[in-house]
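One letter stands for each residue in the lines below.
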Amino acid sequence: MFARGTRARRIAAAVLPPVLFAIFVLGVWQLYTVVGDIKESTLPPPTDIAKSLWENRSMLIDNAWVTIKEILLGFAAAIVLGVGLAVLIRSSRKVERAIYPWLVVSQMVPIPAIAPLLVIWTGFDLRPKVIVIMLVSFFPIAVNTIDGLRAAEPELLNLLKTLKANSWQRFRKAQLPAALPFMFSGLKVAAALSVIGAVFAEWVGASEGLGYLVLVLNNQTATTEMFAVIFTLALIGILLFLFVSLLERVLLPWYYESRETEGEGLHLEVEENA
Amino acid sequence: MQAGSKLKIEGLSKTYRGAGGGENVTALKDVGIEIGAGEFVSIVGPSGCGKSTLFNIIAGLIRPSSGKVLLDGRQPDELLGSVGYMPQRDCLMPWRTVLDNTTLGLELNGVRKKEAHKKAKAEFERFGLAGFEKHWPAKLSGGMKQRAALLRTFLAGRDVMLLDEPFGALDALTRANMQQWLLDVWQEDRKTILFVTHDVEEAIYLSDRVYVMSGRPGRVSLDVKVSLERPRKPEVTMSPEFLVLKQKLLRPLEEAAAGGGVFIDDRPTLEEQI
Ligand SMILES: Nc1ncnc2c1ncn2[C@@H]1O[C@H](COP(=O)(O)OP(=O)(O)OP(=O)(O)O)[C@@H](O)[C@H]1O
Ligand SMILES: [Mg+2]
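So the protein lines, in turn, are chains A and B.
Numbers 9 to 282, taken from our numbering, label the letters of the first sequence in order.
Numbers 784 to 1057, taken from our numbering, label the letters of the second sequence in order.
No wet-lab data here; the hints were simulated from the structure.
Accuracy of the hints is not assured; some may be wrong.
List of simulated lysine to aspartate or glutamate pairs, EDC-like, C-alpha gap at most 16 Å [as the list claims (entries may be wrong)]: (1) A:Lys-172 with B:Asp-860; (2) A:Lys-169 with B:Glu-861; (3) B:Lys-922 with A:Glu-265; (4) A:Lys-169 with B:Glu-890; (5) B:Lys-901 with B:Glu-890; (6) A:Lys-172 with B:Glu-861; (7) B:Lys-917 with A:Glu-265; (8) A:Lys-172 with B:Glu-890.
Sequences and hints are given; from them, build the entire structure.
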């Protein structure tokens, strides 16, 4: 292994590019709105959005809490549903054949369209929101976990058999750990989707939350304030994504470290053989 | 061998059913093999002659179409788990440290973790793995991976060990070192080893006896005793006895290869020769 510089330099290498890119985009945006003399209700300059973020901070924080709670519950529900379906589908060929196509079909259902129904069925409280978020984000978790549960080498499963491992032990000691990196890929996609899910859910029936705010501000053509809310939502999405990535790093150090030494490596092929 | 054989295979045949109406493949036909306790026996044969199939049958992973596998003179109730098996790929689990990989068999035998670690650590020096206990397998060299896989097989504690081309993927120098090392280790423990290889020199150098298999359908075409003195040193490969043995073993293999280059199903010349 070669030297990789200090810890500080490594963090800088990770953080600097996206920050610089954001500054560049915001700069172009600022220039465009000011030089082009764009109406604030059409596209506000970033400086005004920043000002609005600061001035409305307590309202934003209050509503963000509501939305964060929905997202966390919905995300957790999506994990349970996604992983549960994946295990069920991989448990037998027949079940896989019976269910997998419908799993794909389920993604053709426009969730915002059925969200009002969910409100009718379950009421205006937290429940329909958690369900909508779950429905929007479980799919990538399920699909990736299904692929992951296929990832254990057949030779390894055979080896475990010769060591007298029963099917539960083969699952616990080989199939499950081999599936985890795949599952985490799904979790990262789902993390981003869950934020959108929360906005959908609040559009249908809510009296608080960031999604609800977007709707209200949009109706008032308070574009600057609306953008402030969107930025807040984006921040929540980024934080959730980072949290999942961090969890991956802590829980799968073997995966993280072997990927690091592989450099460009996209896959987890660790050993090779003739 | 007078004292009764440790492992005996009688009239073993295996025909794979062609998938989806495809042709059936006869991988093994009427194979007979006998190994005494503490003997080191090799099987050489061209690729695809059924060596791995034979091992899978002895390990209890697949059922033969006909024939018997006897351990200590009798047919065990359950073959699976009765012999140690090292598959062609190292099959180390990337999510376990080297140490935890080597204790897999002990763990599945219900040995407590602490005790298993102690037992494994005691062997790390001899297996050239000292200092790498806490490493991920991905960081090991090819030779070390094979040694870790061998240690895992050793620690599983079966009397008979099946090693399927353990050095097949290594470079020539590493391979020579590993052969010497394996001889030393075997000399100390005197386990019964059945060893598969493509390499005639490797087979002679390591073994008490060598079986030559002919390709498709795989059958034993030669059983040659190697009476070179032990312990053996690399110089022995230059001795006249060694060269005579080598020629004897190479002839059927070369004829098999010359008889078509590609393996054609009916090739009676070889059988007539013997
Ligand atoms: N599961 C299977 N289904 C059908 N045919 C198989 C199966 N496994 C092996 N075969 C066929 O049986 C023959 C013997 O295969 P096997 O893997 O035992 O050969 P081998 O001697 O170990 O070869 P190598 O030296 O390349 O490892 C081959 O022709 C192979 O295509
Ligand atoms: Mg093979």
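Going through the hints against the structure:
A hinted pair counts as satisfied when its Cα atoms are at most 16 Å apart, and Lys-172 (chain A) with Asp-860 (chain B) qualifies at roughly 14 Å. A hinted pair counts as satisfied when its Cα atoms are at most 16 Å apart, and Lys-169 (chain A) with Glu-861 (chain B) qualifies at roughly 12 Å. Under the criterion of a C-alpha separation no larger than 16 Å, the hint pairing Lys-922 (chain B) with Glu-265 (chain A) is consistent with the structure, at around 9 Å. Annotation: proposed proximity of Lys-169 (chain A) to Glu-890 (chain B) holds, straight-line Cα distance about 13 Å (limit 16 Å).
With a C-alpha separation of about 12 Å, the suggested pair Lys-901 (chain B) and Glu-890 (chain B) falls inside the 16 Å cut-off, and the hint holds. Note on Lys-172 (chain A) and Glu-861 (chain B): the hinted pairing holds, with a Cα-Cα distance of about 10 Å set against a maximum of 16 Å. Only pairs whose Cα atoms come within 16 Å are accepted, and Lys-917 (chain B) paired with Glu-265 (chain A) is accepted, the gap being roughly 13 Å. Distance hint between Lys-172 (chain A) and Glu-890 (chain B) is fulfilled; the C-alpha atoms sit about 11 Å from each other, no more than 16 Å.
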